[in-house]
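Throw the hints in and build the complete structure from the sequences for me.
Numbered according to our numbering, the sequence shown terminates at residue 286, and the numbering increases by one at each position without gaps.
Just so you know, the hints here were simulated from the structure itself, not pulled from any lab data. Some clues are possibly wrong.
Claimed, not checked - Subject to a maximum C-alpha distance of 16 Å in a straight line, what follows is the list of computed EDC-like cross-link-like pairs (lysine to aspartate or glutamate):
1. Lys60 / Asp41
2. Lys179 / Glu221
3. Lys186 / Glu156
4. Lys9 / Asp40
5. Lys128 / Glu101
6. Lys129 / Asp161
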Amino acid sequence: MSSKDILVKLNALELLTELAAAPYGLDYLEKVGMVNKLKDDVLALATDPQASFLSPGLLKFFGNIGLSSPGKLVTQYPQVLDFIFSSVQESDLSCQLVSIETIGVISSSTGGKCAMKHFDRHMSMYMKKLRENIQSTQNEIRVRSLGALVNVLHMEEQSEDLLKLTKQWYDALGEGSTKLLLQICKQPFPDLRCGALAVVRELAFEAWGQDMLLAEPGFLEYILDRTTEPDKEGKEAKYAVVAAFVESRMPSRNIAAEDMQRIRFYYKEGPFYSEAVTAVAYEGAT
1 MSSKDILVKL NALELLTELA AAPYGLDYLE KVGMVNKLKD DVLALATDPQ ASFLSPGLLK
61 FFGNIGLSSP GKLVTQYPQV LDFIFSSVQE SDLSCQLVSI ETIGVISSST GGKCAMKHFD
121 RHMSMYMKKL RENIQSTQNE IRVRSLGALV NVLHMEEQSE DLLKLTKQWY DALGEGSTKL
181 LLQICKQPFP DLRCGALAVV RELAFEAWGQ DMLLAEPGFL EYILDRTTEP DKEGKEAKYA
241 VVAAFVESRM PSRNIAAEDM QRIRFYYKEG PFYSEAVTAV AYEGAT
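Structural data, given as structure tokens:
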């Protein structure tokens with residue numbers, strides 16, 4: 001990392017990121033002072049134009065630390081975390097999106113969520129930026145921000161505290177967020193549609209999320225309508241939402257029995273069931 005050649009530094013960063021993913025690797029990098037060196041490089045990004053080329057790699061490095069050792073990132077490298085949060089508001093789109101994804105990755109684990117709950121103000125601003133990006137006119141911004149939102153809402157394990165925390169973060173997206181997501185689910189662009197369905201799937205795992213979805217007019221009819229998805233990816237993404245309702249360990253108590261029966265019937269038939277195919281097979285048999 002002492003080389004002046006940017007390409008050499010970028011390649012070195014990739015190797016260091018892989019090494020830091022293993023606990024022994026991170027311990028070694030800390031012992032030789034490499035993590036502190038990279039921390040200084042992150043803090044220099046604001047003033048060193050050349051260092052901006054390293055921004056995605058540096059953020060990914062510390063994002064991986066946040067994923068595997070979130071407590072360490074928060075307690076030993078708080079300045080780095082502050083920088084990542086501030087970069088979420090950057091006008092430089094490349095840096096902004098990498099920062100958004102980095103916070104998402106850190107927040108995806110139980111430990112990461114527990115660490116991030118101490119950053120209320122930062123997370124509130126982060127969620128508002130996600131909402132802003134999800135409404136962007138640029139497809140890449142929308143898709144990558146939806147991916148980050150999936151990570152923020154994802155629950156490795158469920159507890160009352162984590163359920164309250166994820167709902168608090170979701171509420172910070174602002175009024176009408178569920179309606180917006182369901183509108184995006186009906187967009188003609190497959191990557192955007194599947195990205196929104198992935199968020200809906202995370203909501204469908206939680207009782208509060210199920211209540212929000214079912215409160216939207218026409219949601220159940222839409223999610224059980226097999227004609228809306230023309231391709232394999234879309235069918236699988238929609239089926240994953242149905243599966244989340246069935247497999248949820250903390251389902252809503254507000255789902256009518258007949259509606260739950262319809263959901264289970266769809267689930268049992270699988271993602272690719274087609275009435276037309278069934279009818280043809282039946283006619284052939286007769």
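Let me make sure I understand: some of the numbered hints might not hold for this structure. Which ones are they, in numerical order?
3 and 6
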